[in-house]
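Engineer: With the hints as extra help, turn the sequences into a complete structure.
One letter stands for each residue in the lines below.
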Amino acid sequence: DAGVTQSPTHLIKTRGQQVTLRCSPKSGHDTVSWYQQALGQGPQFIFQYYEEEERQRGNFPDRFSGHQFPNYSSELNVNALLLGDSALYLCASSLLYRENSPLHFGNGTRLTVT
Amino acid sequence: DQQVKQNSPSLSVQEGRISILNCDYTNSMFDYFLWYKKYPAEGPTFLISISSIKDKNEDGRFTVFLNKSAKHLSLHIVPSQPGDSAVYFCAAGSHGANNLFFGTGTRLTVIP
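Chains as they are written, first to last, in the numbering used here: chain H, 249 to 362; chain P, 4 to 115.
Don't take every hint at face value.
Unchecked claim - Residues on chain P that point at chain H, a partial pick, calculated with CB under 10 Å:
(1) A94
(2) N101
(3) T107
Said to hold, decoys possible - Label-pair restraints from in silico Cβ distances:
(4) Q265(H) x N70(P): 39 to 49 Å
(5) H75(P) x S255(H): 36 to 46 Å
(6) Q289(H) x G63(P): 24 to 34 Å
(7) G288(H) x I114(P): 18 to 28 Å
(8) S11(P) x E301(H): 36 to 46 Å
What the hints contain is simulated information worked out from the structure, not anything from laboratory work.
Given the structure is predicted, the values throughout are model-derived calculations rather than measurements.
Beta carbons are placed, not taken as given, at the ideal position from N, Cα and C, and that holds for glycine.
Structural biologist: In structure tokens:
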């Protein structure tokens with residue numbers, strides 16, 4: 249049973265550049281959420297996708313955008329990168345309408361902005 | 004504003020003893036609470052959850068206690084094993100909402 253997979257595992261970008269991170273959800277899951285985990289902090293919610301639409305968004309600027317494809321996989325795009333965007337980006341999948349369906353996380357993408 | 008707080012950044016426990024990890028929250032709308040465990044270079048792994056209609060939930064060596072009046076929950080691990088050494092995150096959410104709020108984590112070290 250394939251779990252949540254994310255690519256790439258590590259990425260180094262320069263300030264002002266754009267980045268795309270990818271996620272495939274756990275088999276059978278229909279919902280993808282993205283979280284940012286800064287060093288020494290807990291994960292912070294960026295947004296969630298279901299049926300190819302953004303359902304909810306956390307307190308992140310419009311530079312952060314996403315997409316969900318018909319096969320439930322998802323992308324996170326960040327434009328005009330800032331040094332403060334350096335973090336571990338976690339993708340999580342779940343079943344939207346299954347009560348108390350816990351999030352299943354991937355291993356994350358470590359983004360370093362220089 | 005941190006809505007979920009884990010005030011102990013680290014905890015060391017002898018193998019075989021009980022580990023107690025604590026978590027406080029401020030938002031009374033939270034009605035669903037979870038604990039995740041995280042090893043280095045891996046994503047958080049779901050451990051155990053509890054709904055606000057309960058005050059205790061057990062799963063093997065892991066028990067979560069919820070005190071709604073104090074807005075406090077704790078995770079008990081008995082007996083602790085060296086493989087339990089990891090960072091533990093407390094998380095909270097509301098039914099109908101789609102996001103979880105996480106604490107900053109507690110690093111548990113179980114000493115053989």
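Engineer: Where does the structure disagree with the numbered hints, that is, which hint numbers, in rising order?
Structural biologist: none
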